[in-house]
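Enquirer: Sequence:
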Amino acid sequence: MERVLKDDAVQEKGERARMASFVGAMAIADLVKTTLGPKGMDKILQSTGRGRTVTVTNDGATILKSLHIDNPAAKVLVDISKVQDDEVGDGTTSVVVLAGELLREAEKLVNMKIHPMTIIAGYRMAAECARNALLQKTMDNGENTDKFRSDLMNIAMTTLSSKILSQDKEYFAELAVDAVLRLKGSTNLESIQILKKPGGSLKDSFLDEGFILDKKIGLGQPKRIENANILVANTAMDTDKVKIYGARVRVDSMSKVADIEAAEKQKMREKVNKIIGHGINCFVNRQLIYNFPEELFADAGILAVEHADFEGIERLALVTGGDIASTFDNPESVKLGHCKLIEEIMIGEDRLIHFSGVAMGQACTIVLRGASEHVLDEAERSLHDALCVLSQTVKDTRVIFGGGWPEMVMAKEVDELARKTPGKKSHAIDAFSRALQAIPTIIADNAGLDSAELISQLRAEHHKENSTAGIDVITGGLGDMQKRGICEAFKVKQAIILSATEAAEMILRVDEIITCAPRRREDRM
0 MERVLKDDAV
10 QEKGERARMA
20 SFVGAMAIAD
30 LVKTTLGPKG
40 MDKILQSTGR
50 GRTVTVTNDG
60 ATILKSLHID
70 NPAAKVLVDI
80 SKVQDDEVGD
90 GTTSVVVLAG
100 ELLREAEKLV
110 NMKIHPMTII
120 AGYRMAAECA
130 RNALLQKTMD
140 NGENTDKFRS
150 DLMNIAMTTL
160 SSKILSQDKE
170 YFAELAVDAV
180 LRLKGSTNLE
190 SIQILKKPGG
200 SLKDSFLDEG
210 FILDKKIGLG
220 QPKRIENANI
230 LVANTAMDTD
240 KVKIYGARVR
250 VDSMSKVADI
260 EAAEKQKMRE
270 KVNKIIGHGI
280 NCFVNRQLIY
290 NFPEELFADA
300 GILAVEHADF
310 EGIERLALVT
320 GGDIASTFDN
330 PESVKLGHCK
340 LIEEIMIGED
350 RLIHFSGVAM
360 GQACTIVLRG
370 ASEHVLDEAE
380 RSLHDALCVL
390 SQTVKDTRVI
400 FGGGWPEMVM
410 AKEVDELARK
420 TPGKKSHAID
430 AFSRALQAIP
440 TIIADNAGLD
450 SAELISQLRA
460 EHHKENSTAG
470 IDVITGGLGD
480 MQKRGICEAF
490 KVKQAIILSA
500 TEAAEMILRV
510 DEIITCAPRR
520 REDRM
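The opening residue of the sequence shown carries number 0 in numbering that gives the first Met the number 0; numbering runs sequentially from there.
Simulated from the structure, these hints should not be mistaken for laboratory data.
Any given hint might turn out to be false.
Each computed BS3-like pair below joins lysine-lysine, with the alpha-carbon atoms no more than 30 Å apart [what the hints assert, rightly or not]:
1) Lys12 with Lys270
2) Lys146 with Lys136
3) Lys12 with Lys42
4) Lys183 with Lys195
5) Lys214 with Lys202
6) Lys214 with Lys270
7) Lys136 with Lys214
8) Lys196 with Lys339
9) Lys419 with Lys107
10) Lys214 with Lys38
11) Lys222 with Lys334
12) Lys12 with Lys38
13) Lys183 with Lys196
14) Lys64 with Lys195
15) Lys38 with Lys463
16) Lys202 with Lys42
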């Protein structure tokens, strides 16, 4: 038979293609499985690039993002964990593990000669049923401020307990909740700045209202300004040299060179005067400021900050309510930023500039301290997860318990659905409930507990009405999730179920994998 594809292209059909995609997806799920739950372990990721940077993390999305994967089905799982991270911030590991378990169950069903489309139809019904089961059990304290705050605290502590911050989770949960409540319902986390400063211990981290810029104040300039008018700019403040590449100026005497220098200085002086003409007392520039303009600013009593990085000035403009300017000809069209006080503060050994009483009241800065860069990076990721989940919960105030409780509630309902459903679909629905129970099983396994024993106890508990039992990894038995205050956001769980089901469905539909032939460079000889 003539070959349709090019020589190096590979085509896998039917059973082999399905096997390849199942195996790839399950391998990815097993890779991140051990990071699930409060007793999950971390992974060290070492890059092969320059500098061989090392990342220590147990955040599912971070681990999967760093992997270079060849298997197409595995890439689907990496994508769902990324989407979960962008959408709700937490549950990145759970979503991959659940999708992996769904595929593991599907593989058994396919071997029993059940058609993939039948399995997909069953999974669809089961996912809908699971979501409705959870919806009936959600709690909503959105109206009651005090109760809602304690819900938020519980959610933050549950999210942080599987991360590096688990030792000081009350402290960091407090920080995260304060920061998110300042946002007053917006999910824009831009106005919460996280600064990392090595040194001290994690306990020394603090929340500061206002904005901290990681720069020093120039020489001879005021160290403290009240009721500041701030001009945020992105402009060149080095002496305006003749900036044409390879330009030469020929002169016939030294005095002419002095004239050119004087003209350059004069040009700079005019630019500085234009800037001062805006009626400001603080000038923040993204590019550098030479000594001469710095002197002029100091004489005018203006605080000038150079080399504020791009993210820094964007955030500063957002927080103080100003615009980023690059031309200064018409002062009335430039929007200045305002704040009540600018002063220099010390954190550890470093000096920083602190803007307090800024126009955007919700702005705040969380300063993280820690033993090393790796600890700080991981702490920042953990805190970012908590902030994302909290800001989503403030918007959608429904809360459920955690610790394997939601999975058991869903599995019970899905089981009942399987008994009522005639036909081969019921096998798929049954498989879905087994996949759901795999999550508490893995949480127990990671904590070194006897998972089979615990899950059977938990299932028996959940056949009583309104049980709030879940796995308590601290005592190593069953615990009352309501008393322990282990809560999760409903939105996170819902996203996990829907994404995992859709991803599993997509991989199940595959019956052929075609790998294209690589492009060859034509021989130029």
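Enquirer: If a hint holds in the structure, say so; if it does not, say that too.
Expert: Status of the hints after comparison with the structure:
1. Lys12 with Lys270: Violated, because 70 Å separates the two Cα atoms, which is more than 30 Å.
2. Lys146 with Lys136: holds, 17 Å
3. Lys12 with Lys42: violated, 35 Å
4. Lys183 with Lys195: The given pair, whose Cα atoms are some 25 Å apart, holds under the 30 Å limit.
5. Lys214 with Lys202: holds, 24 Å
6. Lys214 with Lys270: holds, 23 Å
7. Lys136 with Lys214: Not OK: Lys136 and Lys214 at ~50 Å, beyond 30 Å, violated.
8. Lys196 with Lys339: At roughly 25 Å apart (the allowed maximum being 30 Å), Lys339 and Lys196 satisfy the hint.
9. Lys419 with Lys107: Given pair Lys419, Lys107 holds - Cα atoms ~22 Å apart, limit 30 Å.
10. Lys214 with Lys38: violated, 39 Å
11. Lys222 with Lys334: Since the Cα atoms of Lys222 and Lys334 sit roughly 24 Å apart, the hinted pair holds (cutoff 30 Å).
12. Lys12 with Lys38: violated, 41 Å
13. Lys183 with Lys196: With a Cα-Cα distance of about 28 Å, the restraint between Lys183 and Lys196 holds, given a limit of 30 Å.
14. Lys64 with Lys195: Holds. Lys64 to Lys195 sits at ~22 Å (cutoff 30 Å).
15. Lys38 with Lys463: Measuring from Cα to Cα gives roughly 28 Å; hence the hint holds.
16. Lys202 with Lys42: Since the Cα atoms of Lys202 and Lys42 sit roughly 24 Å apart, the hinted pair holds (cutoff 30 Å).
Checked against the numbered hints given earlier, the structure breaks hints 1, 3, 7, 10 and 12 and satisfies all the rest.
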